[in-house]
Amino acid sequence: MKEYFKNIFVALWTILVGLRLTFKHLFVRAVTIQYPDVKLKLPERARNRLYVNIDDCIGCRQCEMACPVDCITIETVKALPNEDLGVTSTGNKKRLWVTKFDIDISKCCYCGLCVYPCPTECIYMTDVYEFSEYNRHNLIYHFSNFTPEEAELKKKQVEQFEIEQKMKKAVKPAEQVTVSNPGNPEEKS
Amino acid sequence: MAELLNMLVASVIPLLFILVYAIVILWTEIKVASHVQDRLGYMYTGGFHGWAQPIADLLKLLSKEHITPANSDKILFILAPVIVFAASYAAYAALPFTSTFIAANLNVGVFYIIAITSFVVIGILMAGWSSNNKYSLLGAMRSVAQIVSYEIPTALSILTVVIVVGTLNLQEVCEAQKGGLFNWNIFKYPPFMFIAFLIYFVASLAEVNRTPFDIPEAESELVAGYHTEYTGMKFAMFYLAEYANMFLVSGIAAILFFGGWNSPFGEFMSGPAWGVFWFVSKGLFFVFLQIMLRWTLPRLRVDQLMYVSWKVLTPISFVNIMIVGLWAILK
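For the protein sequence lines, the chains are R and F, in the order given. Its first residue numbered 2, the first sequence is counted upward by one per residue in the numbering used here. Its first residue numbered 820, the second sequence is counted upward by one per residue in the numbering used here.
Some hints could be false.
[Stated by the list, open to error] Going by beta-carbon spacing under 7 Å, a handful of chain R positions derived as facing chain F:
(1) L20
(2) T23
(3) L27
(4) V29
(5) A31
(6) V32
Since the hints were derived computationally from the structure, they do not count as laboratory data. Just so you know, even glycine gets a beta-carbon here, dropped at the ideal spot from N, CA and C.
Extracted from the complex, chain R is given alone in its bound form (with noise of 0.2 Å):
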């Protein structure tokens, strides 16, 4: 009989306090904040978007290699003895053109281990995270200077080049060959 009204009490009591607790945090500043107006700052190391400085990219793909899931595709072309592609602004000098430098970021897992790699460091995280698509392919972010037809171009031009190179060199010791041969017409053209 005693235990049950000191049950009653105890269960009006504890009403009570729950009751105090909770209007006390009627009055708490909320622990939210309104997201696409105020965003949090994020930690100095956060992982996010990809990007790749182009501008200094020397086409190692020392990037593609480290990367576990394969999201990140380049192709290169390389420069022609007369073209100076200058120096990145870590002072190496640049010997390929990267034709093609796509990152699939809806494989990406974020582990940032192609970051590490870079001699120029020029692939590194920003801190964009909304970059949802509706269209799956837009995720495949294109980050060379090149279009399709223009890298198609370069590698053309460059098989060009190396063809006439062997022609050179095929050139060359018939050339030789004319010096003491100078009765041959044949073996001019």
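Based on these hints, arrange chain F on the given structure of chain R.
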């Protein structure tokens, strides 16, 4: 003709009140819920703290398709929300909003309200049964068991007030508590009227299926209880009825124990217009208390629910009514 017009006005005023109050209390409930949990709740719709969100919600519900489950009992399914809402709306007829306005000045007002709110049970059982859904039926059965068992302590604590005041007319109950704070029923026969009020408040919480007695709706166990299968405006009717019931029980608590439309300062700030203010603010206070309790207390188990009703509230209210009755006779 004039009488017909009178009837129309008298019936439209409570309906308008319910609609406006429901929109306000929907907003309040969400805001209280979120602030208790240290959140902000909705902030955009309409500008200031999302005040237009309940209106938008209501419009959304209005424009939704009415879906009737394939194997449901169509007539009962359509009738149930109407009955639930009509029952709680009908009870507003006997509520004295102020000294000059009461839709129906019945001399058995208290009895009428107890009787008419029992219709809600039928509506809920109809909804649960006709949905042809096990969760709905379980919810409805729980709800009926709960409401039927809690009606006893509710009625007994209301009867205590009737013994004290000596009338069943709610307008006269208010009249009898005139003259300031200490003439209110809650301060008579201390502390027995206070106990009666506590019993009434706890039991009325269970009557309107509010937490901690919300096992009929128990969203974590029963999806949504008896209104699981309802969509659109039919669902909104249940919602409206729930909020209307909340104010109904709060208003009755205010009338029976806290002087109804009487000002707490005697003659100061009293009059028909102030009467509306006092009655509505007293009612809203208890509605606010109900909302706060919802975010404070966990839900009771079914056996605990029955324990509270049959082993705590009912015996105590019996003893209480005996003591108050004896005291009233001897006085």
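Any hints from earlier that this structure breaks? Give me their numbers in increasing order, please. none
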